[in-house]
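Chain A is fixed; fit chain B onto it per the hints.
2 protein chains.
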Amino acid sequence: MSPHKAPDSSRRSDRSRRAIYDAALALVGETGYARTTIEGIAARAGVGKQTIYRWWPSKAAVLMEAFLDLAARQAEEAEGEGEGEGEGGIPDTGDLAADLRLVLRATVDELNDPAIAGPTRALTAEGIVDPDLGARFVEHLLDPSIQLYVTRLRAAQASGELRADIDPRIALELLIAPLTHRWLLRTLPLTHAYADAIVDYALGGLSAEPRGGAPRP
Amino acid sequence: MSPHKAPDSSRRSDRSRRAIYDAALALVGETGYARTTIEGIAARAGVGKQTIYRWWPSKAAVLMEAFLDLAARQAEEAEGEGEGEGEGGIPDTGDLAADLRLVLRATVDELNDPAIAGPTRALTAEGIVDPDLGARFVEHLLDPSIQLYVTRLRAAQASGELRADIDPRIALELLIAPLTHRWLLRTLPLTHAYADAIVDYALGGLSAEPRGGAPRP
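Chains as they are written, first to last, in numbering that gives the first Met the number 0: chain A, 0 to 216; chain B, 0 to 216.
No lab work stands behind these hints, which were simulated from the structure alone. Check each hint, because a few of them may be wrong.
What the hints assert, rightly or not - The following label-pair restraints were derived from C-beta to C-beta distances:
(1) B:G159 <-> A:Q146: 38 to 48 Å
(2) B:Q73 <-> A:A33: 49 to 59 Å
(3) B:W54 <-> A:P113: 36 to 46 Å
(4) A:L187 <-> B:A192: 26 to 36 Å
(5) B:K48 <-> A:H139: 34 to 44 Å
(6) A:A42 <-> B:D195: 44 to 54 Å
(7) B:A192 <-> A:A33: 29 to 39 Å
As the list claims (entries may be wrong) - Which residues of chain B face chain A? A few of them, derived with a C-beta cut under 8 Å, are:
(8) A121
(9) T123
(10) V137
(11) L140
(12) E172
(13) H180
(14) T186
(15) P188
(16) A201
(17) S206
Said to hold, decoys possible - According to the in silico footprint, chain B covers these stretches of chain A (three or more CB under 8 Å from chain B):
(18) 37-50
(19) 64-76
(20) 116-125
(21) 156-168
No residue lacks a Cβ here, since even glycine has one placed at the ideal position from N, Cα and C.
Here chain A stands alone, though its shape is the one from the complex (with noise of 0.2 Å):
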């Protein structure tokens, strides 16, 4: 309909990249990383696999892109819902156990979803074993989520519900370090009734006594 050739070319590149975006994820999910090929890519997203090296240098960079691409997408969906770790990070209503709640079963859920879970399981298990792969993923896409995390522990330590003697960077990992164990592992099903216990159980701690003080009520 323009006139201009550039926003034209523009759309058409947009449609391509969204298709090795999904292509990408589709098939890592299905065939794992290791069988995932840039010419298996480009012909499931019907493009010439030269588009594909001309715009990535490899196959982990398509496929770093294509989950930061869907992590975007992820955040901009919750935020539409007002399901917090948007780029408004987790949501701060003065309840941190309210707030962790939220966010870990909304956790629980992307993990639950096969088109989240399928490529993410895939690109975990190779990290695990290629430590530069793993470094990316740490640094691209679990490091942003945990700083949310961080963010919002300093701000409950701000406002007294949270020990204050604590590290934030460590207490967190006692909220999605189970969860991640689970799904993972698959040792037992993940549910919202966990994420609760999870929640209770690390801010509550599981000791009968309060450090210093009478036995708890």
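Frame of chain A; chain B shown alone:
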């Protein structure tokens, strides 16, 4: 030396079996699960591949048994050193925090030991993308050690050290999942200080106030 054929042949079998386990663990740690083959294991162990096929139906079966053997040897060694986690389970000195610190520190040492970490990492990664292998991994290798935690936490509930209203099978995940998370994803160094912090945070809780009580000191 023995005039009997049976013991001799059984000693030879033991030697071959040990060589096959060692070769299987070394190879999977060095080249990954996918590139480890029965032929490769046989060549490295100095046995014919028919020897392996006679004893095990598949590569997965050899590796699982090699891991079980490794775990059993570790347990014996730990018991020799009086370091818990052996057949006797997690120590129960009446001081839950001290017992957990001991066990989590020993876990940190194991995960930082390349001889154990390499193959374990390879098998874990494969189990993440192969549900059948993952299920066998959990059943034979993970669940037995999970049961040791359940037993120790139940004892702590009985003695009044641990909240009576928590599920030990969930509570233990706050202790072991953070270590697994750091180790698998290589987010930050896995140290004794980290293990101690996890025990402190999990038992004491992250919250500034004990449940239903006055603010903590």
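Evaluated hints:
1. Distance hint check: the CB atoms of G159 (chain B) and Q146 (chain A) are about 39 Å apart, consistent with the given range 38 to 48 Å.
2. Checking the proposed 49 to 59 Å range against Q73 (chain B) and A33 (chain A) shows it is violated: the Cβ atoms sit about 30 Å from each other.
3. Taking 36 to 46 Å as the suggested C-beta distance range, the pair W54 (chain B) and P113 (chain A) conforms, at roughly 38 Å.
4. Our hint of 26 to 36 Å for L187 (chain A) and A192 (chain B) holds, since their Cβ atoms are close to 30 Å apart.
5. Separation of K48 (chain B) from H139 (chain A) is about 43 Å and conforms to the stated range, judged on CB atoms against 34 to 44 Å.
6. The hinted range of 44 to 54 Å is satisfied by A42 (chain A) and D195 (chain B), whose Cβ atoms lie roughly 52 Å apart.
7. The hinted window of 29 to 39 Å between A192 (chain B) and A33 (chain A) holds, with their beta carbons roughly 36 Å apart.
8. This hint holds: A121 (chain B) has a C-beta 6 Å from the nearest C-beta of chain A, less than the 8 Å allowed.
9. A cut of 8 Å between beta carbons decides the hint on T123 (chain B): the least distance to chain A is about 6 Å, and the hint holds.
10. Among the interface hints, the one on V137 (chain B) holds; its C-beta lies about 6 Å from the nearest C-beta in chain A, closer than the 8 Å criterion.
11. Because the smallest distance between the Cβ of L140 (chain B) and any Cβ of chain A comes to about 10 Å, over 8 Å, the interface hint for this residue is violated.
12. For E172 (chain B), the suggested interface contact is upheld, since its CB lies about 4 Å from the closest CB of chain A, less than 8 Å.
13. Using the Cβ-Cβ criterion of 8 Å, the hint placing H180 (chain B) at the interface with chain A is satisfied: the shortest such distance is roughly 4 Å.
14. With its C-beta approaching chain A no nearer than about 6 Å, T186 (chain B) sits inside the 8 Å limit, and its interface hint holds.
15. For P188 (chain B), the interface hint is violated, since its Cβ never comes within 8 Å of a Cβ in chain A; the closest pair sits about 12 Å apart.
16. Interface restraint check for A201 (chain B): the shortest CB-CB distance to chain A comes to about 6 Å, inside 8 Å, so the restraint holds.
17. Here the hint on S206 (chain B) is kept, as its CB sits about 4 Å from the closest CB of chain A, short of 8 Å.
18. Counting residues of the segment 37-50 of chain A whose CB lies closer than 8 Å to any CB of chain B gives 0, which falls below the minimum of 3, so the coverage claim is violated.
19. Remark: the segment 64-76 of chain A is not confirmed as covered by chain B, as 0 of its residues place a Cβ nearer than 8 Å to a Cβ of that chain, below the required three.
20. Judged by the Cβ-Cβ criterion of 8 Å, the segment 116-125 of chain A is covered by chain B as claimed, because 5 of its residues qualify and three suffice.
21. Judged by the Cβ-Cβ criterion of 8 Å, the segment 156-168 of chain A is covered by chain B as claimed, because 8 of its residues qualify and three suffice.
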